[in-house]
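K.L.:
Here are the chains, one letter per residue:
2 protein chains.
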Amino acid sequence: MKEMKILSGKIISEEIRNELKKEVDNLSTEGIKVTLAVILVGDDPASHVYVSHKEKGCAAMGVQSIVERLPEETTEEDLLRLVQDLNERKDIDGILCQVPLPPQIDPQKVIEMIDPMKDVDCFHPYNLGLLTAGAPRFMPCTPFGVLQILKRSGYSTSGKNVVILGRSNIVGRPLSILLSLKGWDATVTLCHSRTKNIEKICRSADILVAAIGIPHFVSDDFVKKNAVVIDVGVNRIDDPNHPKGTRLVGDVDFEAIKEIAEAATPVPGGVGPMTISMLLYNTINAARLRNGKTTFEL
Amino acid sequence: MKEMKILSGKIISEEIRNELKKEVDNLSTEGIKVTLAVILVGDDPASHVYVSHKEKGCAAMGVQSIVERLPEETTEEDLLRLVQDLNERKDIDGILCQVPLPPQIDPQKVIEMIDPMKDVDCFHPYNLGLLTAGAPRFMPCTPFGVLQILKRSGYSTSGKNVVILGRSNIVGRPLSILLSLKGWDATVTLCHSRTKNIEKICRSADILVAAIGIPHFVSDDFVKKNAVVIDVGVNRIDDPNHPKGTRLVGDVDFEAIKEIAEAATPVPGGVGPMTISMLLYNTINAARLRNGKTTFEL
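Protein chains in written order, with numbering that gives the first Met the number 0: chain A, 0 to 297; chain B, 0 to 297.
Treat the hints with caution; some may be incorrect.
Listed below are the simulated DMTMM-like cross-link pairs for lysine to aspartate or glutamate, each with C-alpha atoms no more than 20 Å apart in a straight line [stated by the list, open to error]:
1. B:Lys-199 / A:Asp-205
2. B:Lys-199 / A:Glu-198
3. B:Lys-32 / B:Glu-2
4. B:Lys-224 / B:Asp-238
5. B:Lys-195 / A:Asp-205
6. A:Lys-195 / B:Glu-54
7. B:Lys-243 / B:Asp-43
8. B:Lys-195 / A:Asp-114
9. B:Lys-108 / A:Glu-198
10. B:Lys-150 / B:Glu-54
If you're looking for bench data, these hints aren't it; they were derived computationally from the structure.
Construct all of the structure, not just a fragment, from the sequences and the given hints.
P.N.:
Laid out in structure tokens, this is it:
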């Protein structure tokens, strides 16, 4: 029996970061320094870990990062004022605000306050709309990470049936849009909690993407023989055998599908590592656009 | 044999226009006059007909319309300046620019120049992005017309498999987004020229929407027993038996599906009449929003 291929986001991400580093070096020789500003409000431990990964990712390729740490009790008004200051600063190319935010702050207001030219998360409606219209300025990070894994593993999406589980604004919906644009040319079906006969729909997929946040939701019943399975889920479950008492698992039951699927991404080490690479990619493009250049393609 | 129901966009559109007229009257008693500005560049005969339909639609419900007619040789700069003037005018609620535009003008630049608060076609990236993020300000006119036909004919979309043929920025893609949002809750598959086994995919649809611009593309092979078929196509074909020598047909072979489908929209008289009603709906909402009110729901 042929063994299922493991699509390592870690390896692909490293390959991409090498390409990005070259581009940062090129810009640097032209006197262009790339800078990312990250806003972190409050004390959420996971957010602190994510932000520190972003800082390290920047440092490793010579992108400067500035982290604005604000207390939990920050008002919406103060946060919006900080965003405006960062919008105006000529030395900053990209801005992102780590979520979740404390309850007194409306995250949508913060997103809409960020200058769309500096919106490297690609969450601003203006940038989402450019994507929807087929002319994206920035790429939504996790969806574009999924596309890069497929492309760099030799899986064309053109004419393929792609089924996406999950209609979130961060993953499922923007990925469904990207994949059906000219150039990617997939036939996309977007499934969600109201979908009926979900297993059957998933079994029609040449490429199946799980992004619903339910541990091991996708098992053998969901996967067509030789399908490619991309697992975007990151779920923490109890595991008494693990030193921490918990461990991370995806939305896919990796063991259950390994004799059916052609290839799959593991969790951790699959889509996860791609997201920061795509953020760095957008930040470099923000710097390029602000300096009158076209975007750099991956 | 049960006869296929004909879903008359003409009748539904009249019903909606009566509701809209009431709202225009309500606003009028509060001293709010609703005004639409239409820009028409050049001499395209079809554009002149469309604009005159829009003017009549406005007049019939007490919405004021202003048509700015510009010569074919208008420069992009002059057109953009006109848009800016209309953006600034306090007496104008909605602005649209009739397409096609002459080749010296980039339509995307014109769309992006329109104040998103006055963009009643819902073509501006900011408004497309709000739609994609699940919080639309305005509704894309033809897609929302399709939803109103379904809703007002008693066909719920929740949990239904909807297949859309055609990924245009005006119909297919925004409709696919709308239908998969919470509230509409359909499981949507978006097909296009690169889709393989298109008949088979279409035969999985509870609701099939054709918007590809190919006369009679959808025949009996495409339609599941008791499916609902919505035909967005408007194609002019030669017909020596017709006084004009040509006639309008849809993307669906109406005769071929009439013993299979549960219901279908005719062409003409189906989706066509809905579009201007939805434009008027958006224009009324633009006036409401500019006067500090929430949007009026249909």
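K.L.:
Hint by hint, say whether it matches the structure.
P.N.:
Here is how each hint holds up against the structure:
As the CA atoms of Lys-199 (chain B) and Asp-205 (chain A) are separated by approximately 15 Å, the hinted pair is consistent with the 20 Å bound. Proposed proximity of Lys-199 (chain B) and Glu-198 (chain A) is supported: the alpha carbons are some 18 Å apart, at most 20 Å. As the CA atoms of Lys-32 (chain B) and Glu-2 (chain B) are separated by approximately 45 Å, the hinted pair breaks the 20 Å bound. A hinted pair counts as satisfied when its Cα atoms are at most 20 Å apart, and Lys-224 (chain B) with Asp-238 (chain B) does not qualify at roughly 31 Å.
Of the supplied pair hints, the one linking Lys-195 (chain B) and Asp-205 (chain A) holds, its CA atoms being roughly 12 Å apart against a limit of 20 Å. As the CA atoms of Lys-195 (chain A) and Glu-54 (chain B) are separated by approximately 44 Å, the hinted pair breaks the 20 Å bound. As the CA atoms of Lys-243 (chain B) and Asp-43 (chain B) are separated by approximately 18 Å, the hinted pair is consistent with the 20 Å bound. At most 20 Å may separate the alpha-carbon atoms for a hinted pair to count; Lys-195 (chain B) and Asp-114 (chain A) exceed this at roughly 40 Å.
For a cut-off of 20 Å, the pair hint linking Lys-108 (chain B) to Glu-198 (chain A) is broken: about 44 Å separates their Cα positions. Taking the CA atoms of Lys-150 (chain B) and Glu-54 (chain B), the gap is near 27 Å; set against the 20 Å cutoff, the hint is violated.
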